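*Asks:* Residue-level listing of the chains:
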Amino acid sequence: EAGVTQSPTHLIKTRGQQATLRCSPISGHTSVYWYQQALGLGLQFLLWYDEGEERNRGNFPPRFSGRQFPNYSSELNVNALELEDSALYLCASSFGNRGLKNIQYFGAGTRLSVL
Amino acid sequence: RKEVEQDPGPFNVPEGATVAFNCTYSNSASQSFFWYRQDCRKEPKLLMSVYSSGNEDGRFTAQLNRASQYISLLIRDSKLSDSATYLCAVDDMDTGRRALTFGSGTRLQVQP
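As given, the protein sequences belong to chains A and B, one line each in that order. Using our numbering, read the first sequence as starting at 863 and increasing by one per residue. Using our numbering, read the second sequence as starting at 130 and increasing by one per residue.
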């Protein structure tokens, strides 16, 4: 069974541009989470989508946004890129509110470099 | 104070050694706890969920101490392949957040 898949693997952008990252959850999972892991730092929660709705967001500016599609895949958009947005962006999926324990499984990530 | 704290290490241990990591959390209402393993520049991989009664999976044992608000991970008979960063994660289900709050990780280096 396929795990969480993310694309692209690497993304190089320049300051001020927009980046779009994509994630497909494990089959049967309805929740998708986005995390940012900057070099040398821990994972920081960005966004949570469940059943097509944004359920919660972390302490990030509004230029970080996304959506979840009817097939539960998700997109993360980062507008007006800044140098400090360079990081590994990880997507995770789970059974969401239907799961007693929120066990999250991660994709391999998209490494975003902002020049 | 950080919500989830871990000793960053590194822990340098010889093969065959037993090593233990602790992770403290600040929200006494936290419900679910996990240990993940992360290899360099890779995604975190779920190692174990931590249950209130504690649980064991082969060489790995996880414990939860609610009174002192910490979870622990014990690795017995360390292998070279255990070298990685170990992340603890806490899920605050009661707040409805459903996000995992991660510690910054403890680096383990197992040496021959």
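Read the hints as simulated data drawn from the structure, not as lab findings. Keep in mind the model is a prediction, meaning the values are calculated, not measured. Yeah, the Cβ is synthetic: ideal placement off N, Cα and C, and Gly gets one too. Some hints could be false.
Far from chain A by the CB rule (all over 12 Å, computed), these chain B residues [unchecked claim]: (1) Lys131; (2) Pro137; (3) Pro143; (4) Ala146; (5) Thr147; (6) Ser155; (7) Asn156; (8) Ser161; (9) Tyr165; (10) Gln167; (11) Ser178; (12) Arg188; (13) Leu203; (14) Gln240.
Looking from chain B toward chain A, a few residues come up when the C-beta cut is under 7 Å (computed) [claimed, not checked]: (15) Tyr180; (16) Asp206; (17) Ser233.
*Asks:* Decide, hint by hint, whether the structure agrees.
*Replies:* Here is how each hint holds up against the structure:
no.	hint	verdict
1	Lys131	violated (9 Å)
2	Pro137	violated (10 Å)
3	Pro143	holds (27 Å)
4	Ala146	holds (26 Å)
5	Thr147	holds (26 Å)
6	Ser155	holds (15 Å)
7	Asn156	holds (14 Å)
8	Ser161	violated (5 Å)
9	Tyr165	violated (8 Å)
10	Gln167	violated (9 Å)
11	Ser178	violated (6 Å)
12	Arg188	holds (21 Å)
13	Leu203	holds (21 Å)
14	Gln240	holds (23 Å)
15	Tyr180	violated (9 Å)
16	Asp206	violated (26 Å)
17	Ser233	holds (4 Å)
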